[in-house]
Every structure is written in C-alpha cells, then in structure tokens.
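Visitor: So the chains spell out like this:
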Amino acid sequence: MGHKSDKKLIVEGKRTDGRKFDQLRDVEMKVDVVNRATGSAMVRFGSTVAVAAVHGPRELFPKFMQEQAAGIIRVRYNMAPFSVDDRKSPGPDRRSQEISKVARLALEPSIFLEDFPKATIDVFIEILQADGSTRVTGINAASLALADAGVPMRDLVASCSVGKIDGQLVADLNGLEDNYGEADMAIAMQPGKNKLTLMQMDGAISRDEFEKLVKLAAESCKKIYDMQKKVLKEKYKRE
Amino acid sequence: MMEEKYALELIMKGKRVDGRKFDEFRPIEIMPNVISKAEGSAQVRLGDTEIIAGVKLNIGKPFADTPNEGVLIVNSEFTPLASPDFETGPPGEDAIELSRVTDRGIRESHMVNVEQLAITPGEKVWMMFVDLHMINHQGNLLDAASLAAVTALHAAKMPKIDADGETVLRGDYDKQLPVVHMPINITVGKVGSSLLIDPTLEEEKVLDAKLSIAVREDGAICALQKQGNKELELSDIDKMVELAAKKADELRELVKEALKKI
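Order-wise, the sequence lines are chains A and B.
Each number in this note's numbering comes from the position in the first sequence (counting from 1) with 4 added on.
Anchor point for the second sequence: position 97 equals 87 in this note's numbering, and the numbering is continuous, going up by one each time.
No lab work stands behind these hints, which were simulated from the structure alone.
Predicted, not measured: the structure shown is a model, and the values here were computed from it.
From the three backbone atoms N, C-alpha and C, an ideal C-beta is built for every residue, glycine too.
Any given hint might turn out to be false.
To be verified - Partner residues are not named here, just some residues of chain A that face chain B (Cβ under 8 Å, in silico): (1) Lys34; (2) Leu109; (3) Ser210.
Please model the complete structure; the sequences and the hints are all you need to start from.
Guide: Now the structure itself:
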C-alpha cells in the first residue's frame, strides 16, 4: 500500500480488470463444502478464494478455559503457502494473528454465545488463493459456515473492502489495487441491523473521502449480504 | 470486578471514576530522549499508564518491492512488570495488534521520508526499529504507545557511518531523522450510547467497542482499527472521527511543546 509507482490503476474510467468503480468482482459462494465440519463454505471474489469451516459448538478443553456464562468463539485465519506469488512460510505470522483477532471480533457480536456455556465454536479460515481482500472474503465464508453449521445468529456478517486508487473511490480491491492503491479499508457489517463489526483502514484520506468510503462499503456489504442469503436459501429450501 | 461495575455505573450517570469529562485525557507527560543509548526515544505517561518508546537505526537490506526506501519495524513488549495480566513469552495477539496499528499510523501517514533513508539504493538502507516498552498498564496503551513512538521518531537523530560503509558510529550523529508529518492516534470508546476517550483500565474492561483513529496535522485520516467484541452503529463513526480529530490537534501541540525541550 502506498508504494510510489507509475502503475496506472484506472485507464479510461475503468479499473485494470475492466470493472466500474463500485462493481464487485465475479462472486461465487457455496455452502457445505467440507463434509467433516459442522458447517462450511467457500467464497470466491475474482481469484481470491477462501474456505471456512466451523467445528462445534463443542466442549472446550482444557476445562479451566471454559466460561460458565457463555461459550467462546475462536478464529484462525491462515494463508496456504501456495496462495501468493512468493511462497509464504506456513504457520501464523504477525499479520495472520492480527487478522484472526479482528475476524473473531467481526463474527462474535452475531452469535448467541450465551446459548452455549462451557463450549467453543471454532472457525477455521483458509485462504487458498490470494488476490487482494482476503480477510473480508474469509469473513464472508466464515459467516456462511456458521449459518451452515446451524449456529444461532443475530444476523449474517457481510464483509467488503473499499479503497482509493488513482484518486477514485472503489469497492472490492484486487491484489494490484491493494498493493498500489492510496488507501484501503476493510469493513464487516450486520447489514440487517446496520451495525458495524469490523473496520480497519490504512492510507491517508480526507474526512470527506472517508465518509464516502464508509457509504460505499455499506452498500457493497448489502450486495454481498443478499448473495449470502440467496445461497443459503438455495441450499436449505424445502424439496 | 467491583471496580469495573462501579466504572460502568458511573459512566451510565455521565461520570467517570477520576472525575474527568468524557472527552478529557488524563494528565499527559511527554519526555523526549530519555534513553541516551537510543537514536531517539520518548517516555509518555497518560495518568498512571506509562510507556517508553525507543528508536534504533541499523543498516540493512531493503525489501524487494521498495528497493529505494528505508524500512520501518514496530515491535511492542507487554513486559510482565507492567501488569499482573502480562506474561513472558512471545507477543500475544494484543501486543501484535498494538504494534501493527501503531505501525500503520506511522507508515500510512508518510510521517518519515523513507526515500531519504536509502544509503545505496537497492542494496543498503537504514532500518528504523521502533520498540514500544510497556512500563505500567493502567488503560489506553495504544494511544500512549503511538504518542511515544511519534515523539521518539521526531526526536531521533541519524548516526554517522564509518568509512568502511558498514559500521554505524553509535552516538556520533550528523542530522535529524527526516520526519515530515505528525500523526496522532486517538482511541474513542463506546459504552451504551456514550463515547469517551482515554479509558482507564477499569473503564476499558466495560467498553462495548472502540475505534482507534490516526489523524495527521492536515486532518487526513491515516489508519483505523475497530476493537472490542460488540458492534458499532454506522452513525457512531462520524462522531468518533470528529472527536478524534479534535483531540489529535490538542495532543499534537503537547508533542511539539515537549520536543522544544530537547
């Protein structure tokens, strides 16, 4: 982000992949993709691919970690070594540990954890292919996986990236835009309640641009929310 | 538990444990260059919360994607002396988050002119290490840490390099670190429908959510991070940013005053 570069990210009013400013990439969503998990989902934004699986609610061990009043949620965000240009050494680094934390906080407000004392809900997000916006793609998959697992939720969590590239405000950054853009912001929402559960931004933008980006992010989250609902209804409709 | 409950009850009545207003910081002390061994340093106190930031400069290799730029590395230590809740061992997710959010405020504001930190472009550059050392945790570590980091960078000097081109001549300086901006990080907390800043430890434990906002002197917003395990209303965001921008201006003046003492 913010590297000085001659790279043009917008040519003749269009982005490098031909999209309009507020247009999401081609999105694919599937639920129930990991048979051994309680619930699971795959979400693809362009060539960014995330798979999420939920195990639980299940009893939390060691026992001293159990909470009497409510269950806990644990989230691991992990990138496959082959998901990026230069192989990523396996295992948690500082970036993935921070993302695991914010992803947990993005999902936690939606879950009725008070229904599951002494239990844990474990969410595993694997990024199989990375082309920008991996954390939001992972959160979208995790939200679907939680629904697929039958975990009672206040609302689905829909997540989206927005940013500023070549002076324009755009939705759903690809890898190139993420690397060479001027600012990027990740947002997660409960769109049905108009509440925000994740907000991270880097880059330098004005207050006015900031307000516009939040609005664009909220609109984009709504679009993603509708897609999530559609795929769940499709899967669980009565035969 | 009792203290937290009391803090929450007070907030609901529009009051705070130490009698402050919701938009008021605790007494702030900023002491630049307290560590003579460091190229730049600062000790910051927000009430009883205390932290020291040290800047060290080493010669190293640039990253492949930025061959002509110096390197910034921010690290934090939640030293066990600072709180009974901190343990030894590798940094946990809170320490990692604090480092990374502080890093983003510095990096994304383009606070340091990193192009001036290239020694031999593509081969040799200055590496800036900003180490954040917690001394006492009484709440709002992030704002204290970022205030200390920014002050330490502004206070930092560049050491000379020996004729061999490899050895840093410690303590022998030739100029200031090329620092051009002054981002200030302000964390705004939310409890119920109230917004407040600079929470004490007891208040921090009862916050529903918080938003950390780094604001530059020209008003640009450079980094954001939502924290806490409850939601924010979309309509809270503007108010939080407004409050952060106002307080950032006030704190920036304090840093400038402190830097005059060097």
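Visitor: With reference to the structure, classify each hint as holding or not holding.
Guide: Hint check results:
1. For A:Lys34, the suggested interface contact is broken, since its CB lies about 27 Å from the closest CB of chain B, more than 8 Å.
2. Look at A:Leu109: its Cβ gets to within about 5 Å of chain B, closer than 8 Å, so that hint holds up.
3. With a least beta-carbon distance of about 6 Å to chain B, the hint placing A:Ser210 at the interface is held under the 8 Å criterion.
In this structure, only the earlier hint numbered 1 is contradicted, and the remaining ones agree with it.
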